[in-house]
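Undergrad: Spelled out, the chains give:
Number of protein chains: 4
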Amino acid sequence: QVGRVCLLYSGGLDTSVMLKWIQDEYEAEVVALTINLGQPGEDYDVVREKALRLGAVDARVIDAREEFARDFIVPAIKANAIYGLNYPLFTALGRPLIAKIAVEIARETGCDTIAHGCTGKGNDQVRIDGTVATLAPELKIIAPVRDWKMGRDEEIAYAREHNIPVKGGTETAPYSIDDNLWGRSSEGRWIEELDHAPDDDVFQLVTRPEEAPDEAEVVTIGFEAGVPVSVNGQAMDIVSLIETVAELGMKHGVGIVDHIEDRIVGLKVRDIYEVPAAAILLPAHAELERLVGTIHQNRFKPGIDQQWAYLVYAGLWWEPLRSDLDAYIDEVNRFVTGTIGMKLYKGMARVVTRESPNAVYDAQLATFSESGGLFSQQASPGFIELWSLQSRLAWRLRNEDRG
Amino acid sequence: QVGRVCLLYSGGLDTSVMLKWIQDEYEAEVVALTINLGQPGEDYDVVREKALRLGAVDARVIDAREEFARDFIVPAIKANAIYGLNYPLFTALGRPLIAKIAVEIARETGCDTIAHGCTGKGNDQVRIDGTVATLAPELKIIAPVRDWKMGRDEEIAYAREHNIPVKGGTETAPYSIDDNLWGRSSEGRWIEELDHAPDDDVFQLVTRPEEAPDEAEVVTIGFEAGVPVSVNGQAMDIVSLIETVAELGMKHGVGIVDHIEDRIVGLKVRDIYEVPAAAILLPAHAELERLVGTIHQNRFKPGIDQQWAYLVYAGLWWEPLRSDLDAYIDEVNRFVTGTIGMKLYKGMARVVTRESPNAVYDAQLATFSESGGLFSQQASPGFIELWSLQSRLAWRLRNEDRG
Amino acid sequence: QVGRVCLLYSGGLDTSVMLKWIQDEYEAEVVALTINLGQPGEDYDVVREKALRLGAVDARVIDAREEFARDFIVPAIKANAIYGLNYPLFTALGRPLIAKIAVEIARETGCDTIAHGCTGKGNDQVRIDGTVATLAPELKIIAPVRDWKMGRDEEIAYAREHNIPVKGGTETAPYSIDDNLWGRSSEGRWIEELDHAPDDDVFQLVTRPEEAPDEAEVVTIGFEAGVPVSVNGQAMDIVSLIETVAELGMKHGVGIVDHIEDRIVGLKVRDIYEVPAAAILLPAHAELERLVGTIHQNRFKPGIDQQWAYLVYAGLWWEPLRSDLDAYIDEVNRFVTGTIGMKLYKGMARVVTRESPNAVYDAQLATFSESGGLFSQQASPGFIELWSLQSRLAWRLRNEDRG
Amino acid sequence: QVGRVCLLYSGGLDTSVMLKWIQDEYEAEVVALTINLGQPGEDYDVVREKALRLGAVDARVIDAREEFARDFIVPAIKANAIYGLNYPLFTALGRPLIAKIAVEIARETGCDTIAHGCTGKGNDQVRIDGTVATLAPELKIIAPVRDWKMGRDEEIAYAREHNIPVKGGTETAPYSIDDNLWGRSSEGRWIEELDHAPDDDVFQLVTRPEEAPDEAEVVTIGFEAGVPVSVNGQAMDIVSLIETVAELGMKHGVGIVDHIEDRIVGLKVRDIYEVPAAAILLPAHAELERLVGTIHQNRFKPGIDQQWAYLVYAGLWWEPLRSDLDAYIDEVNRFVTGTIGMKLYKGMARVVTRESPNAVYDAQLATFSESGGLFSQQASPGFIELWSLQSRLAWRLRNEDRG
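Chains as they are written, first to last, in the numbering used here: chain A, 1 to 403; chain Z, 1 to 403; chain V, 1 to 403; chain R, 1 to 403.
Derived by calculation from the structure, the hints in this document are not laboratory data.
For clarity, every value in this text was computed on a predicted model and none was experimentally measured.
Virtual Cβ for every residue (Gly too), placed ideally from N, Cα, C.
Quick partial rundown of chain Z residues pointing at chain R, CB under 7 angstroms, derived from the structure:
hint: 1; residue: V265
hint: 2; residue: G266
hint: 3; residue: T294
hint: 4; residue: Q297
hint: 5; residue: E319
hint: 6; residue: P320
hint: 7; residue: L321
hint: 8; residue: S323
hint: 9; residue: D324
hint: 10; residue: A327
hint: 11; residue: Y328
hint: 12; residue: E331
hint: 13; residue: V332
hint: 14; residue: L386
hint: 15; residue: L389
hint: 16; residue: Q390
Chain Z residues, not near chain V, derived (Cβ > 12 angstroms throughout):
hint: 17; residue: E25
hint: 18; residue: L52
hint: 19; residue: R60
hint: 20; residue: K167
hint: 21; residue: A173
hint: 22; residue: S176
hint: 23; residue: D201
hint: 24; residue: T207
hint: 25; residue: V219
Please build the complete structure, drawing on both the sequences and the hints.
TA: Okay, here's the thing in structure tokens:
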């Protein structure tokens with residue numbers, strides 16, 4: 001019942017085996033689709049040719065970096081988007097875009113089915129299947145890894161049998177990698193042993209802090225309405241800006257994350273992330289946002305941001321609650337304009353300067369010397385009296401004899 | 001109307017001037033009270049003698065380190081207590097204890113008044129006045145800095161006139177410092193200029209990362225029911241443990257915080273914090289807590305923790321909501337038992353290993369190879385279908401023609 | 001230092017005494033300002049004449065009903081705004097508008113001071129003083145009740161002495177009343193005794209349920225984008241609509257509230273409210289909003305709404321967090337279009353019908369008979385397996401022997 | 001692969017057909033299990049005999065009313081447990097207990113499988129399957145309705161063929177009913193039409209308000225530590241108390257709910273509920289809880305309660321987050337002691353009196369006359385100044401020219 005299949009094709013072993021297997025198993029034509037979200041070092045011509053060589057009737061490469069940065073990463077920056085303790089959601093942000101483009105290409109190329117390489121234990125199937133079912137319920141979805149019984153050894157055997165090139169040695173399984181403009185993840189091997197400290201070979205993006213320059217470097221990020229627009233005073237389009245900041249972070253060993261995560265399908269996993277751009281831009285944005293926000297805004301927004309990150313992580317990009325949250329987040333960010341200086345040094349990124357025309361900060365108020373204007377020290381006793389009134393009354397009721 | 005005054009006495013310029021001034025202004029006897037919460041490097045004998053020399057009728061030094069660690073810092077660890085982006089609340093945690101002890105000593109020494117050196121623009125007056133008014137509403141409170149018109153120059157003139165020793169040169173005002181076992185804050189001078197990156201001379205506790213050892217060090221922290229109980233496998237009482245961890249952090253440049261903060265009295269200020277113990281123990285605890293918690297627990301606790309930190313910051317230590325939150329937090333922490341390895345290197349502290357008998361982690365589930373038991377990959381399509389159902393339905397209603 | 005005073009004048013005893021007293025005490029001219037927010041049964045000509053007779057140099061009456069309904073009540077409806085268990089915030093919504101108009105009139109009439117009749121124990125001083133200090137920090141504020149020592153008896157004596165008419169008998173103090181288009185509150189007398197069930201004479205707006213019609217009546221409210229726009233199919237401007245719905249509620253005994261409330265200044269009070277329009281429009285709106293919202297939206301909005309109500313109650317109408325919340329709330333309400341039927345009967349208002357083009361409801365899905373399309377029953381076991389996975393794993397870890 | 005089956009047996013058509021069908025389909029012995037959670041008017045002897053007549057090898061009836069009330073309803077009262085706008089969760093509370101007892105009886109009677117009558121579209125399968133999989137992962141679960149293709153007509157045909165008695169006429173499908181001590185739900189027929197106001201015949205428990213007594217009645221509920229312990233001053237065990245209060249509510253038409261609900265499996269449904277006891281006990285508890293709580297407690301608890309209700313609704317009774325929430329809730333309820341008077345009249349239940357030794361209410365503070373002690377009106381201006389400080393500063397930054 002499968003006609004023509006649009007396969008999300010990365011060029012790696014899994015999806016190469018799949019490309020062949022779908023043709024055999026379903027007797028279906030395959031359109032290979034590769035999407036450029038800024039994976040560092042990828043050669044898309046090679047990927048495209050490999051797809052055609054493996055029998056794809058068509059092989060498309062779509063450069064979606066700008067859309068990814070503008071419509072997915074920027075909202076994440078405005079939302080200070082972190083899932084769990086430290087995951088900046090790069091894969092989670094990429095999946096709904098990948099699936100949306102797959103729907104577009106499938107329709108354009110007359111496919112009735114979308115195929116992807118997600119396993120049945122991860123979040124990505126939720127994000128991709130959910131997007132396809134939302135945007136194009138008429139399309140079928142096949143996810144061979146979820147169904148077939150091949151482990152890595154069977155995959156390699158199948159690859160050899162069908163003349164599919166297998167990169168590198170085959171003795172040890174490689175890490176399982178996913179990456180784009182906003183970060184890179186590694187899973188598998190010793191990463192699954194929680195008490196195994198990271199081996200150095202996992203870090204392919206970020207310099208090990210021990211090997212980073214001995215000189216610290218301060219980089220300033222300019223924001224307008226919550227969007228990063230300049231680096232060290234130089235205006236840049238958003239893709240270039242993220243790439244430039246990532247370069248700086250990589251150089252200084254910034255953005256290494258060793259993370260335990262609660263997957264939406266109910267299990268915990270460990271991931272090693274390298275997020276050199278996010279580790280600089282997210283704290284810079286958060287600092288500026290707090291500077292222009294009142295105490296009430298600053299206490300309330302973390303709950304909004306946490307929910308935004310959860311929805312995106314959970315594959316609910318198209319859920320209307322996200323639009324509601326975005327409306328709130330955009331309103332806050334209207335005033336998030338200014339410049340933040342970040343000091344980078346051997347794995348560390350720390351805010352050291354900040355400046356904004358909207359800062360709710362009055363140096364005269366904040367100073368130790370007597371101030372006039374908006375604040376009088378004489379107001380404090382009255383404030384304290386009413387501020388603590390009910391707590392005091394309750395404490396006495398609960399702690400003193402009433403005899 | 002002031003009889004005898006219990007003065008919270010640090011030995012510094014402000015409270016020394018105060019000690020004298022209260023005797024003159026109110027014709028009142030003064031009992032000087034100095035509380036040891038683990039201020040690094042303080043010589044309490046010197047402080048005590050200075051108080052007596054300035055006319056105190058009695059001068060008490062109370063070692064409250066153990067009570068502070070056990071009843072204030074440990075609950076803060078269990079609550080992952082951070083206010084704003086990065087403040088581990090050390091001063092905020094100390095104030096209610098200081099004020100509680102002041103009440104005890106005031107009653108013991110027949111004082112009818114408690115005096116403190118807080119200004120009218122800070123949080124500490126809220127915490128101290130609030131505590132005294134809660135525990136001993138019959139006591140009066142005087143806060144000379146709130147009332148008098150002395151700036152630093154007048155203080156120094158007053159000190160000279162009354163033979164009060166003034167430490168160091170007098171040309172430039174020093175930073176305004178507060179410290180205890182859990183951290184150290186600096187305010188004043190260039191810190192009030194938000195775009196001024198930290199000058200090196202402000203760091204008196206933590207080694208500058210650039211001067212920290214070139215070799216990284218991994219320290220393991222053992223927890224039982226949320227309480228840190230061992231360092232590198234060696235059991236320690238809580239005060240020693242915090243001191244030991246602080247030493248390690250100081251050595252490796254860990255725990256520097258440059259922070260903009262929303263004070264409870266309505267203004268924003270910048271503080272430089274040095275929190276070498278907190279910067280290691282808090283992330284270690286948070287990591288372990290997430291490891292033993294379910295996704296539901298892990299999503300919900302941050303809101304609890306944020307509220308706990310806010311109450312403590314806001315001087316509402318005695319508010320019954322804190323007890324309610326503590327009940328929740330203690331229940332979570334019953335299972336927070338295990339060991340976390342932290343890598344320390346030139347200003348950075350990062351989790352690298354974790355181990356717990358209660359980890360909601362099943363390596364077999366998490367692995368890439370096919371797993372049995374609690375998880376079947378075949379369950380995923382059904383999950384995804386129902387998980388995304390309403391969002392899909394809503395999206396279609398909102399985005400498609402209904403013609 | 002007071003030049004010319006703009007007095008918020010209601011025509012009642014307190015502000016009449018004040019009108020005279022300000023002239024005497026400050027030797028200042030008084031401009032009386034009376035604002036029509038839809039107080040039922042008020043004769044503004046009488047109020048105006050009384051002000052002039054008592055010496056006001058000018059007496060203005062401003063009809064602000066439309067602005068009140070459009071800019072204050074409608075946002076409250078969209079926010080399902082309830083403070084505590086049951087207070088629909090009518091007074092809290094009116095105060096910032098009253099103070100804003102006072103600022104405008106003060107500027108227009110050359111006043112340098114605004115005077116109001118709020119006590120020092122209530123919320124209204126926070127709302128009015130806060131608004132004036134925000135919009136016009138150059139204006140002074142006087143609140144005679146906060147300062148003077150007059151009780152009711154002294155007020156009456158003062159009134160007699162100065163020929164100020166005193167309504168009704170003077171033996172028993174009347175209830176303290178505040179009202180506008182959105183409701184009416186009573187305080188004082190037996191209301192302060194929490195175990196005293198309401199005496200009938202307090203209800204001057206809503207028919208006692210026992211005396212309401214024996215026949216129930218169903219009223220349908222039409223909403224567009226969250227705004228009520230029609231009653232029983234008849235389009236109405238918002239002021240007329242609220243008045244019409246209030247009439248129906250009053251007739252059927254709907255909207256009686258007996259409420260204990262946590263004032264922002266730290267004390268608890270009891271109020272008797274009569275809110276016939278709110279008791280119909282708020283549940284109608286809430287029902288429709290839930291019908292067009294997904295489970296995610298419906299779980300999240302109550303926290304948004306609670307915060308909105310708190311800010312408004314707490315006198316923080318001008319706080320930017322309110323704008324952030326409004327952006328969220330408006331986004332949700334874009335789709336809140338449809339019709340709700342409410343059954344009114346002897347004190348009760350209950351939703352009985354609902355209809356919306358945006359309902360996330362599919363009768364075919366919801367029915368017991370087998371359904372196709374978006375839902376397959378076969379999906380459930382997979383959903384349940386993953387949905388409960390972590391909870392099960394955690395439960396076993398915590399409850400079973402690990403021997 | 002099914003050996004012996006423990007069937008949750010209600011005596012109705014569905015589970016009677018199932019009892020027979022399981023014997024035929026699986027060639028398995030069936031143990032029928034019927035659990036008394038206080039379903040009004042049920043004759044358990046008749047149910048038991050019917051089961052045996054239909055071939056059950058054993059038929060057990062377990063009276064679990066006390067456990068249900070004590071361990072499920074009482075925590076729900078303490079949590080003010082409402083899901084959505086108005087559902088007091090009676091079915092959701094009963095399911096985990098039913099499944100827990102099923103596990104016990106299955107083990108006791110040597111069954112390897114539990115069977116239940118839940119459909120694949122409802123919440124109950126999540127609650128029951130989730131409980132069984134948590135407590136007894138070794139047990140299999142069969143849910144024939146999820147699998148078979150029988151509609152109501154096929155069921156009746158099957159019943160006739162196998163001599164299973166069919167209650168009442170068979171032309172029109174009856175409402176689908178579930179009930180226990182805490183309430184009764186109806187689904188099906190016109191209820192699925194959202195714009196169809198309730199037909200009278202659906203109400204089998206609560207008197208129609210129009211037919212309720214013309215005289216109002218005040219009932220007082222006494223609470224100790226959050227638990228209702230007396231009615232009108234008379235102490236009662238919890239089961240009797242709930243039954244007594246339910247009687248009063250039924251008599252006065254109290255507790256009719258017409259509800260749209262977001263099921264956990266992703267669809268919306270309408271239910272008609274009759275909850276006479278909950279409609280009195282829940283608001284009484286909420287009122288008392290607010291009376292003894294501070295403003296901080298009262299603002300925070302609704303978020304806790306909402307989460308508790310969600311977990312229970314979502315079939316996550318055994319999730320450790322519920323224990324965490326319970327610890328919080330129990331701490332709050334330690335002080336929820338006192339008496340609440342509720343007025344019942346023609347469908348309405350309204351708080352009219354309250355009394356508690358722990359009330360954070362001081363009549364002297366709350367009164368209009370000048371008060372001493374904990375409150376001075378002079379404190380207010382200072383409070384207002386600091387309370388509004390940041391909002392004012394932000395407003396000016398955002399709304400005024402900076403020229």
